[in-house]
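Trainee: Residue-level listing of the chains:
4 protein chains.
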Amino acid sequence: MNFSSDNVSPICPEILAAIASQSDSSALPYGQDDETAKLDTAFSQLFETDCVVVPVATGTAANLIGLSNLVSPYGGVVCHHEAHINQTESTGVAFFGGGAKLLTMDGPSAKIEADRLDEFLSAQSNRGIHAVDPECVAITQATEFGAVYTVDEIHAIGRVCKTHDMRLFMDGARFANAVASLGCHPADITWKAGVDVLTFGATKNGALAVDAIVLFDKTLRKKTEKARKRGGHLFSKHRYLAVQLLAYLENDLWLKNARHANMAARLLGQSLTSLGARMVHIPQGNELFVRMDDDLAALLRAAGIIFRPWPAVGPGAYRFVTAWNSPLEAITTLPGDLNLA
Amino acid sequence: MNFSSDNVSPICPEILAAIASQSDSSALPYGQDDETAKLDTAFSQLFETDCVVVPVATGTAANLIGLSNLVSPYGGVVCHHEAHINQTESTGVAFFGGGAKLLTMDGPSAKIEADRLDEFLSAQSNRGIHAVDPECVAITQATEFGAVYTVDEIHAIGRVCKTHDMRLFMDGARFANAVASLGCHPADITWKAGVDVLTFGATKNGALAVDAIVLFDKTLRKKTEKARKRGGHLFSKHRYLAVQLLAYLENDLWLKNARHANMAARLLGQSLTSLGARMVHIPQGNELFVRMDDDLAALLRAAGIIFRPWPAVGPGAYRFVTAWNSPLEAITTLPGDLNLA
Amino acid sequence: MNFSSDNVSPICPEILAAIASQSDSSALPYGQDDETAKLDTAFSQLFETDCVVVPVATGTAANLIGLSNLVSPYGGVVCHHEAHINQTESTGVAFFGGGAKLLTMDGPSAKIEADRLDEFLSAQSNRGIHAVDPECVAITQATEFGAVYTVDEIHAIGRVCKTHDMRLFMDGARFANAVASLGCHPADITWKAGVDVLTFGATKNGALAVDAIVLFDKTLRKKTEKARKRGGHLFSKHRYLAVQLLAYLENDLWLKNARHANMAARLLGQSLTSLGARMVHIPQGNELFVRMDDDLAALLRAAGIIFRPWPAVGPGAYRFVTAWNSPLEAITTLPGDLNLA
Amino acid sequence: MNFSSDNVSPICPEILAAIASQSDSSALPYGQDDETAKLDTAFSQLFETDCVVVPVATGTAANLIGLSNLVSPYGGVVCHHEAHINQTESTGVAFFGGGAKLLTMDGPSAKIEADRLDEFLSAQSNRGIHAVDPECVAITQATEFGAVYTVDEIHAIGRVCKTHDMRLFMDGARFANAVASLGCHPADITWKAGVDVLTFGATKNGALAVDAIVLFDKTLRKKTEKARKRGGHLFSKHRYLAVQLLAYLENDLWLKNARHANMAARLLGQSLTSLGARMVHIPQGNELFVRMDDDLAALLRAAGIIFRPWPAVGPGAYRFVTAWNSPLEAITTLPGDLNLA
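Those protein sequence lines, which keep their order, are chains Z, F, D and G. For the first sequence, the positions run 21 to 361 when this note's numbering is used. For the second sequence, the positions run 21 to 361 when this note's numbering is used. For the third sequence, the positions run 21 to 361 when this note's numbering is used. For the fourth sequence, the positions run 21 to 361 when this note's numbering is used.
Worth flagging that the hints you see were computed from the coordinates, not collected in a lab. These numbers were taken from a predicted model, which means no experiment stands behind them. Careful, some of the hints might be misleading.
Copies of the same chain are indistinguishable here, so a pair counts whether it falls within one copy or spans any two.
Subject to a maximum C-alpha distance of 27 Å in a straight line, what follows is the list of computed DSS-like cross-link-like pairs (lysine-lysine) [said to hold, decoys possible]:
(1) 182 to 243
(2) 212 to 276
(3) 58 to 182
(4) 243 to 212
(5) 242 to 276
(6) 58 to 212
(7) 242 to 182
(8) 243 to 276
(9) 242 to 212
Use the sequences and the hints to build the structure in full.
Mentor: This is the structure in structure tokens:
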């Protein structure tokens, strides 16, 4: 059982079938094909609002291109210190943003809190020509520490952004896990709360390689498409991005996969707790952060279970990530199996 | 029959099978998997020299990242005016190259000629701090106009580059078609001629989405990998890039597909000629450029044949591109079928 | 007599006096001082329209920052192949423009012709996501080859720009020489013809180091000021830029200096012609391009006259540039003095 | 008395005389003149080591260009959170550094402490391809809070940098004030401690507009000169930068001016303390940070004394900056004069 990340999982059958379905036909390149033509409608129906979809092959590309729409080369992007864009995307924000700077703040479970955001923006804004003015706020749903913003929390952040005339970006690499956890409508935590651009992750949740940049501000389409092309992210065989996304939405596969992963995380949390581990955060999506003693860690490893230390949440902490294909039964029987072994 | 480009073709069966083969297993992300580990060896065997392979999903990304290794932000890249990097990759060279500038020259069939390159470099170099000094030469094999550099021509270019202390880059989006056309060893037209970095195209020739940046200068590995990450081009499920490339090399699939496409182009050229079209260039790879009168163009279109006007090679010119799956028989019988219709 | 460029000349007395006048007082930094406060009004009066002035210390900075307002990172700037921004400003346009690309055309005396511009823009625009769309046209007044656009020529260019929805930029490093040559009002060849941004040169024409970015589109102020700061071009002791410009405008010093330089060029042209040189272009501003045999060139050099070969206008060509302080009498008597020597 | 910054002061007489001395002669442009030719020797004598000098007109340009030599587009620059490059230079570091990122730490009086730097570098380095590796450490001497690193402190930082294979940059906008305060040799706190690049400020200390990028690593000359040109920072009338610097070094004017400013700060500190203000830091250079009640602040303001609140050092704090021309007697008699008023 490999819990080192959800991206260790393979492509899921529905998406493989969608790819295979395109094996006998020709199609116009660069997004002029029939499958791509369905995307805007499919996502607009999902979100119950007109929106524009620009797919790319990686979550980092989706974040960097999506975000670059919302900040000038002289401006700042406010994010949590632990945000993927700050910790794990190299100097990509400045690269795609023409120099734009990350302005980081803290908060529990890698969440930004609306009140502190309000203070931060008040302190950082309008400091004159020498300083970097915030222009955009970026949040991650679910967060890098496995937490999920509530509907109210996101609306509160949206209101603060509106007050300070900030754009609002959401890194949704694990958006499906967040929606599955909240049981809300996807609109409730996005455009209805003021989100301008969402990256809607599929790669970690069963796709081969596709994340969608969802533009609720439809005026951003042209700029986004130009940035995608210039960045080398426009696929020639674009239909292969499109069919992955269409299959991902069809019959709520995205939610089905995410619910499975979330369930696996809950069950794994119970199993690990019963073995003596302590939760660092209450697991809300498909990520678990636990503390455990060296003996337990060694025992798990000896049983072939793969997971990673995660010092960012504190000394002695480990991260376990479940996926669409995590084996629920083996997770449930883990304590017994280990004791028997 | 769709000849508008080779990228309208679907994924080929061998590569689909390779992707499908990864459906039941977990693998470490970001290139730490077992399949990726085989790439350097596979390409080193193919090229008969130690080289480093960094795969990305698009040919534009391969070109832009590969090239950015060979030029400083203050330097120039010499290329043909018709080069893909000049005509068809937006402002990508400056983006990935930190401002690096394209310095264009002319030449027949979109080829750079060694003698004129020598003159160009002599005239453009060492013009002082205000000017942009050339630092790198970029050629395309096969060229954007369907021509193929001979082994001697590339060696001559390599010698000029060495004389002027220029790095040499090769855009090999259709490298397979060039090798199939020349019947040479891939080493003969790359590192043996002084090529520092090659982009080895697979997407147009049967893959879903993968082109390999091949570094014959192995010291460029770290910088290339950093540029790939920063550009959002590092796949999490990296094995899916790797298995495409491995399948592409296995049993010389890359050559088999290219030979098919080249053969289709030759046959199509015969068929079109017999119908009254005139070749603009002798077809050497899988691209045909022809002139024909409006009646013939209309006749072909009425028969469902798709192709594109290509004014860059002259007024009244059209481009036909064949692919790994072009129907040889239907191409051969085209004149008769049209006359019958 | 040093005719290698106008920038070999020293600071003129009026501007030195203006600098010296600030030696005993304190002043707020970064443009908040009283002298800077006068700039917008002074230039608005000169141009007879409301405009915004952002001064910087070099002509290259003025061009690069001014131009960066008018083009996106994905767009092209149309200019003459010989334009200073293309030949003599390194990779600066891409640097300040976030990757923006120069699209060059030809034309006599380094001028862009309106008809050919119209054709060029028609051919280059709307070529799809892969290509670089022109977004801005940049002209130089007077041109790099010493020619001066007529009022009608600039209005014709302005109309073409309007038709194609292009912004219009004017590099006015030698704007004063052009106005002095035309005898027109400065408004006639700028905003009345559709110029959005002008760089108004002073450094070559008597100042120590200051060129003004003049924004006829006043909405560009904030972006220009941010670009200036980020580029390290915002002076702390900003009043020293301001007083140079104010002295330069006062009593039409800018025109007085330019008329002197233009007169010197005319006289020098007569003297050189009488010695056997041939004009390449009719001198309109303060630059002369001539052809002469080696004996005459040697004779001039032996007499201590400094000038430069200028192969860009053709083999055997030389450039002579006069300035605000060129010695009119010595220029006039040159033929006789050489013959006596 | 204007203590809002040292850049409110005018040009000092010696430097004005140096500028005026160039009023009657011609000189080759762009640094090919005789005055510029003296710079490397003059600074090499001052620092008692061979070094290269590249002058620019602003301190921000000096920092951004100097620093851009020492970090790649994928790398990080470690600096104090209060560093000028982090707080007051817009997004310039990323702009000139091609995306390079600031990695900030804390420390007393805006100083980086060697021990904590060692820990920081250990924690931040080698975190893999996704993270930004530190490549350079930047310190400010004197710091933004008016403190001066001791010779030992800088050597300790230099040793940590060497251990971690980091380059070392020093922002010396107020380097003269630091040397005057320490009474050391300028070599002691620069190259002898491992500093690769220093910006040697003159603008705040009597010049019109010039700061020198001093390259102790002489291999950086070409890259620095290219970056200067591309950034629009290469003066055509370059001798006017050179003569300012030469006059600044002659007869130790730089130290004379700095000693005056430092003395003024000490005296001002005594005067303010006697009036009831409390020092936040012990003044070591020419900056004072004090706390005082509203009555005293109002009294000072009513007497025409200009100074600024400085919340970065804490609530209720004010900054006073002295300069080469601060009136020592009026500062000394301030308490008495105020009481009389």
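Trainee: Now tell me if each hint is right for this structure.
Mentor: Hints and how they fare:
{"no.": "1", "hint": "182 to 243", "in the structure": "both (23 Å within a copy, 22 Å between copies)"}
{"no.": "2", "hint": "212 to 276", "in the structure": "within (24 Å within a copy, 53 Å between copies)"}
{"no.": "3", "hint": "58 to 182", "in the structure": "neither (32 Å within a copy, 37 Å between copies)"}
{"no.": "4", "hint": "243 to 212", "in the structure": "within (23 Å within a copy, 31 Å between copies)"}
{"no.": "5", "hint": "242 to 276", "in the structure": "neither (33 Å within a copy, 39 Å between copies)"}
{"no.": "6", "hint": "58 to 212", "in the structure": "within (23 Å within a copy, 48 Å between copies)"}
{"no.": "7", "hint": "242 to 182", "in the structure": "both (24 Å within a copy, 22 Å between copies)"}
{"no.": "8", "hint": "243 to 276", "in the structure": "neither (33 Å within a copy, 40 Å between copies)"}
{"no.": "9", "hint": "242 to 212", "in the structure": "within (23 Å within a copy, 32 Å between copies)"}
Hints 3, 5, 8 from the list above are not met by this structure, while the remaining hints are.
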